[in-house]
Amino acid sequence: MTKTPERRLLHALLGPGEPEVGCDECFAALDRYVELELAGADADAEIPGLRAHLDGCPACREEHDSLYALVRAERSE
Amino acid sequence: MTPRAASVAAVEAEPVVSPPATLDLESRRWLADLRAEGKAHDLAVVRLHELLLRAARFEVSRRQRSLPHLRGNELDDIAHEAADDALVSILGRLDRFRGASRFTTWAYKFALLEAAVKLRRRAWQGREIPLEPETWPTFSSPTAGPETQVEQAELLAAVREGLELLTPHQRTVFVALALNGVPIDVLAERLDTTRGALYKTLHDARRKLRAHVAAAGLAEAERDQ
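Just so you know, the sequences run in chain order L and P.
Numbers 1139 to 1215, taken from this note's numbering, label the letters of the first sequence in order.
Numbers 431 to 655, taken from this note's numbering, label the letters of the second sequence in order.
Don't take each hint at face value.
Now the stretches of chain L that chain P is said to cover, found in silico as 3 or more residues with beta-carbon under 8 angstroms [what the hints assert, rightly or not]:
(1) 1144-1154
(2) 1177-1188
(3) 1196-1204
Bear in mind the hints are in silico, worked out from the structure with no lab data behind them.
Here a beta-carbon is modelled for each residue, glycine too, at the ideal position from N, C-alpha and C.
So that you can see chain P by itself, here it is in the shape it has in the complex (with noise of 0.2 angstroms):
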């Protein structure tokens, strides 16, 4: 898979429906436009492309911070990447728009998704992802009392425990995911799936844990909410 199939793959779920008589006018303009022929159609294409390239470099204004490494020039390179893919991305989808929100909060989600997902893979670029778990994380915290801190080491305990009940791939995405702090479209594109399906093994990993834990008579973590 490519990277940009793994990222748009996240959009795939989006059921094809014709937009509300209430969608608001400059929305219908919108899909008007875009469905126009000729100029029309090319200048609101151009239009839509200012529109995401402004929500591209708003995410990536975001993350600049977490990527010391990168040049201005780069970022804005990012930027245009993700607004070309989220231009595509929106075009081939727009019977799908569901007139649920204006049109252009739908068309931001997809050039801050394309961006987001750019700028995690590139933080990891070249990096090892972690699939073991190397060093167990431990309590240490001076404000919490020492029954809190015996209470909290269970947890962690039968959490860690609780490992030996998943299966092999559940136990790699959980460690990846939850313990090691991999971003979820890094480890999709390394292990060549898709964030949905990540999630889900995820998802899967935690309700196993979790009634793990609760089995232990360690119950404490249903309450965290």
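Chain L extracted, bound-state conformation (with noise of 0.2 angstroms):
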């Protein structure tokens, strides 16, 4: 469902509000993350926490959508 700016803005205050890994856990899982995401599998299953942490965390929502594009777009080579 798409946010509204209001929805963003509230987003951004309150956070995920569900239990998160922190930052450190991110960048150590991150690699596995988006490799499980590409293999087409549950990787919020795999890595609990994660995926909320993206929500929570701009920065590493940026890194992760970095990794993941620059991962699809070498194996789509």
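Using the hints, put the two chains back together into the complex; each one sits in its own frame.
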């Protein structure tokens, strides 16, 4: 569901509101998480709390999106 | 703490473990060559740097629009610095490669992190970090119904009220990161701390605010997933 600007602001203020890993744990597991996603596996079940962290941390989200895009582009070459 | 120390601090949590036997052939070759001595090692380091530079340039190109004042050669310098720093990080952490992904995917994340951190800091270079809520946001969505508008305004008011419950440090971190959109790496550098420590503080602040909002009978935010 697309969030309205109001929803996005409230989400930025209050965060994901569910159990999440921290930035260190996110970075440690990010490569595996992205590969699971690209393989069509249930990355959220394999690495609990990482998706929630990406929802709450814009910097980690950006780095996830970059890694996902880079590896996907490389594999489609 | 140096800027580089602040960026690589995010990886210190990775445990030292041996790669599993299921590691793919290409990753095994990377590890063997990087652990070798002499020419094989030197060639592997050159290849790895090329790989990291490609990743750093990829990140730079994704962020180029947000840095219109930087020229192409300045951006490429940043990509080179990111690749250099990522190379140092990786060579110092080869024993921490868990084999949970391909080696190249693991290596890429270091270059992307270094490039992203440098670009965020560059974008905020010379800018003052807003640590106070100088202008509190208001809602005026033309698409939201009157009931929704009232509800969201109440939520926002409850969050604002909840700021009083935060410690001074939590308030500073929350206002900068969540309200004013300061990048976490930029704030970490200014406050001489790490991204992980700041996010923990933000998380604690958000938890307090969510509890306050819920206690006020405004639990709508809890369903915003």
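Compare the structure with the hints numbered earlier in the document and write down the numbers of the violated ones, lowest to highest.
Structure breaks hint 2 only.
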